[in-house]
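A.B. asks: Here are the chains, one letter per residue:
Number of protein chains: 2
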Amino acid sequence: MDNAGKVLIAQGGGPTAVINQTLAGIVLEARKFPRISNVYGALNGVEGIVNEDFIDLTQETSHNLEQVALTPSSALLTTRIKPNENYCKEIFKVLKAHDIRNFFYIGGNDSADTVRIVNEQAKSANYNLCAIHVPKTIDNDLTENDHTPGYGSSARFVVQAFSGINLDTKALGGVYIGVVMGRNAGFLTAAASLAQKFPGDGPHLIYLPERKFSLEQFLQDVKIVHDKYGYCVIAVSEGIKDAAGTPIISTLKNNLDTDSHGNVTMSGTGALGDLLSEYIKDKLAINRVRSDTFGYLQRSFLGCVSDVDQHEAREAGERAVHFALWNRQTEGSVTIQRTGYYSVNYHLTPLELVAGKTRYMPDEFINQTGNHVTDAFKFYVRPLLGSGLLSPAQLRSPRVPKLLLPNS
Amino acid sequence: MDNAGKVLIAQGGGPTAVINQTLAGIVLEARKFPRISNVYGALNGVEGIVNEDFIDLTQETSHNLEQVALTPSSALLTTRIKPNENYCKEIFKVLKAHDIRNFFYIGGNDSADTVRIVNEQAKSANYNLCAIHVPKTIDNDLTENDHTPGYGSSARFVVQAFSGINLDTKALGGVYIGVVMGRNAGFLTAAASLAQKFPGDGPHLIYLPERKFSLEQFLQDVKIVHDKYGYCVIAVSEGIKDAAGTPIISTLKNNLDTDSHGNVTMSGTGALGDLLSEYIKDKLAINRVRSDTFGYLQRSFLGCVSDVDQHEAREAGERAVHFALWNRQTEGSVTIQRTGYYSVNYHLTPLELVAGKTRYMPDEFINQTGNHVTDAFKFYVRPLLGSGLLSPAQLRSPRVPKLLLPNS
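Residue numbers (our numbering), protein chains in the order written: chain A, 38 to 445; chain B, 38 to 445.
Treat the hints as calculated values from the structure; they're not laboratory data. All values reported here derive from a predicted model rather than from experimental measurement. It cannot be assumed that every hint is accurate.
A pair counts as met if it fits within one copy or between any two copies, since identical chains are not told apart.
[As the list claims (entries may be wrong)] Straight-line distance between alpha carbons at most 27 Å, and here's what the computed DSSO-like set of lysine-lysine pairs gives:
{"no.": "1", "residue 1": "439", "residue 2": "130"}
{"no.": "2", "residue 1": "260", "residue 2": "290"}
{"no.": "3", "residue 1": "119", "residue 2": "415"}
{"no.": "4", "residue 1": "119", "residue 2": "318"}
{"no.": "5", "residue 1": "318", "residue 2": "290"}
{"no.": "6", "residue 1": "439", "residue 2": "119"}
{"no.": "7", "residue 1": "133", "residue 2": "439"}
{"no.": "8", "residue 1": "290", "residue 2": "320"}
{"no.": "9", "residue 1": "160", "residue 2": "439"}
{"no.": "10", "residue 1": "394", "residue 2": "415"}
{"no.": "11", "residue 1": "260", "residue 2": "394"}
{"no.": "12", "residue 1": "415", "residue 2": "234"}
{"no.": "13", "residue 1": "69", "residue 2": "439"}
{"no.": "14", "residue 1": "119", "residue 2": "234"}
{"no.": "15", "residue 1": "126", "residue 2": "234"}
{"no.": "16", "residue 1": "439", "residue 2": "126"}
{"no.": "17", "residue 1": "260", "residue 2": "278"}
{"no.": "18", "residue 1": "160", "residue 2": "278"}
{"no.": "19", "residue 1": "278", "residue 2": "119"}
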């Protein structure tokens with residue numbers, strides 16, 4: 038196919054710590070091809086295409102592109118818009134007007150679907166277009182991928198956070214609940230397990246959206262851990278649901294509102310972590326219960342990044358250009374396959390296998406009681422966290438015999 | 038004074054990322070003195086003293102001590118107990134029984150007060166004791182100190198967080214509120230200002246407990262910034278209060294409860310960030326308003342540390358031992374003075390000048406309108422953040438002329 042002309046790149050969906058590596062990979066690689074006249078970037082994803090908000094990335098220094106690659110969040114800005122057929126027609130009109138022959142959309146499964154629709158419209162208009170989806174998502178929930186760029190760095194943030202939180206909660210006692218992103222897939226929450234180093238380390242309990250969440254079982258789990266270790270650290274996916282599929286945040290609100298204890302008056306927009314904390318305080322009479330919602334820190338924190346994730350995000354962008362400009366393939370989604378421990382390769386996969394689909398944690402990654410992960414998951418996730426991860430240490434000094442009190 | 042005998046170390050109050058550097062500094066330095074028979078650590082601060090929960094740090098490898106020094110949180114565990122006279126009598130009884138002649142308590146202003154009381158009791162009992170307070174606090178609110186160990190690393194976390202948050206919010210639009218620790222002193226929240234690099238970068242607004250917080254002024258500030266830049270990033274101290282001294286979290290609850298709009302039903306334990314978000318959504322009709330409470334991440338995150346802070350925490354511990362064992366001083370609080378840009382020195386300051394006192398942000402560090410910091414503050418805080426801080430980059434490509442839409 039003749040795809041001489043212009044390249045257009047856009048970024049969609051939630052930002053990640055390495056999405057600009059992919060951007061830099063595409064720009065730097067595409068600029069090497071003489072038949073490419075310009076490399077454009079659309080601002081704010083598909084919105085920027087429809088509005089013709091383009092910048093000319095051909096006029097960007099390589100040095101600055103390398104610096105942007107190290108910068109978290111989407112340098113081209115982003116959008117939450119999920120285009121329908123008509124919206125895609127508008128997109129296609131603009132691509133045609135600007136003689137854009139190669140379209141790279143970096144995003145999740147919704148972005149893959151946009152690429153799919155735009156590509157169909159180009160085909161039926163007999164317009165030569167190469168439309169390629171390049172993966173990113175901290176949720177790690179794209180089908181056909183061993184994992185996705187963005188996940189490793191966010192997972193590393195979660196591990197570093199829980200490593201510290203384990204020690205902080207151990208030092209002060211009580212219960213800690215960390216609420217991690219992931220409405221449908223628990224991969225990011227599960228990464229917290231890598232914070233466990235010494236016997237007794239937290240997170241002691243991990244609750245994922247792939248398993249039905251029972252408040253009774255939860256209380257029992259917390260009590261057992263707290264009794265045993267004197268503290269309890271819990272990682273919870275924001276998306277946990279009960280047996281009926283109702284989000285726990287709704288269940289808890291009702292539960293606490295109708296409670297007869299009187300001192301619990303939760304309602305409104307209280308976060309899941311706050312609600313679970315109140316519930317534990319109320320039912321288990323543990324005084325010190327704290328929770329944090331990791332929120333936007335876990336996807337955009339400057340300087341917490343997996344080098345493996347950086348390299349793969351970069352390569353995914355470069356390979357996307359190879360598929361388009363060397364191999365002259367007209368459509369597809371770049372996917373990552375694991376080929377060794379640890380090595381990967383990149384394929385171009387039909388868009389319809391990725392578009393609009395969600396991948397979940399496989400059963401073998403979740404323990405039998407549904408409140409933690411398996412070693413198989415730890416084996417899976419470890420290389421994605423990258424190199425140079427600090428390992429906490431603890432004192433090993435012997436006890437001194439008591440002189441005044443009876444030694445116990 | 039003859040302080041031959043044992044050394045006892047304890048850690049009090051909230052953990053920090055470098056409090057174990059101070060511990061390692063004391064242990065490694067004290068073990069060099071032949072007249073010191075043992076170096077004990079009390080578990081859980083003063084509670085561990087009263088309960089004789091001691092470990093013998095003389096039997097700890099140097100390698101492991103160095104590893105523990107790199108580990109956040111209090112390796113000896115900690116306590117929130119503020120001992121009164123009677124509690125201090127119990128402490129003193131145990132010190133005597135174990136022939137402890139040197140007591141180092143690493144903590145904030147409450148810990149300094151404990152050291153002061155114990156020392157008085159030793160004096161009136163004619164018991165030779167050297168009692169020294171070694172500073173730590175992420176709040177940076179100890180008097181007589183230019184700054185305190187623990188602050189620089191937490192400040193670095195806040196800068197890295199807001200650097201990413203600025204880019205994340207810019208990419209998606211809307212308003213973001215980050216709630217930072219600091220009930221009385223705004224130093225940690227103010228550090229967010231160092232995340233601003235390019236013109237227009239956030240945090241655009243910074244609210245500190247040192248200034249009365251007005252909800253009307255707040256709304257006006259947010260509207261001006263959001264209109265100008267299309268997004269608005271805000272750093273807020275957890276301790277902000279209104280003109281009457283009422284915490285804003287209480288003011289907001291009442292305000293929102295009695296609001297006639299009907300769709301706001303906040304009550305209970307909703308976090309300050311959630312309440313402020315609801316308030317903005319309600320009053321300014323901005324759709325995307327998000328907030329995160331940085332919580333425990335900002336003081337214990339593994340691997341986000343200022344090397345300057347590490348070195349000073351270590352030196353504060355070493356110098357404490359020097360004051361006790363070389364200089365044979367019997368009491369005091371180790372304080373840090375700034376001697377150049379950037380260099381420091383350590384003094385032993387009378388305990389009563391530090392104990393129970395709080396330092397606030399000086400006026401010259403806060404801007405006139407009370408919604409941001411001055412360059413004087415940035416100059417003050419920059420060296421404390423340490424080396425190797427990543428600097429975000431942004432694209433500088435020229436705009437492409439529109440072909441279909443009118444160019445604006």
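A.B. asks: Against this structure, judge whether each hint is valid.
C.D. replies: Verification of the supplied hints:
no. : hint      : verdict
1   : 439 - 130 : between (82 Å within a copy, 13 Å between copies)
2   : 260 - 290 : within (22 Å within a copy, 32 Å between copies)
3   : 119 - 415 : neither (34 Å within a copy, 42 Å between copies)
4   : 119 - 318 : between (41 Å within a copy, 23 Å between copies)
5   : 318 - 290 : both (15 Å within a copy, 22 Å between copies)
6   : 439 - 119 : between (67 Å within a copy, 23 Å between copies)
7   : 133 - 439 : between (83 Å within a copy, 13 Å between copies)
8   : 290 - 320 : both (15 Å within a copy, 25 Å between copies)
9   : 160 - 439 : between (83 Å within a copy, 25 Å between copies)
10  : 394 - 415 : within (25 Å within a copy, 47 Å between copies)
11  : 260 - 394 : neither (38 Å within a copy, 39 Å between copies)
12  : 415 - 234 : within (12 Å within a copy, 38 Å between copies)
13  : 69 - 439  : between (74 Å within a copy, 25 Å between copies)
14  : 119 - 234 : neither (42 Å within a copy, 32 Å between copies)
15  : 126 - 234 : neither (53 Å within a copy, 39 Å between copies)
16  : 439 - 126 : between (80 Å within a copy, 18 Å between copies)
17  : 260 - 278 : within (21 Å within a copy, 37 Å between copies)
18  : 160 - 278 : neither (42 Å within a copy, 62 Å between copies)
19  : 278 - 119 : within (25 Å within a copy, 42 Å between copies)
Consistency with the previously given hints fails for numbers 3, 11, 14, 15, 18, ordered from lowest to highest.
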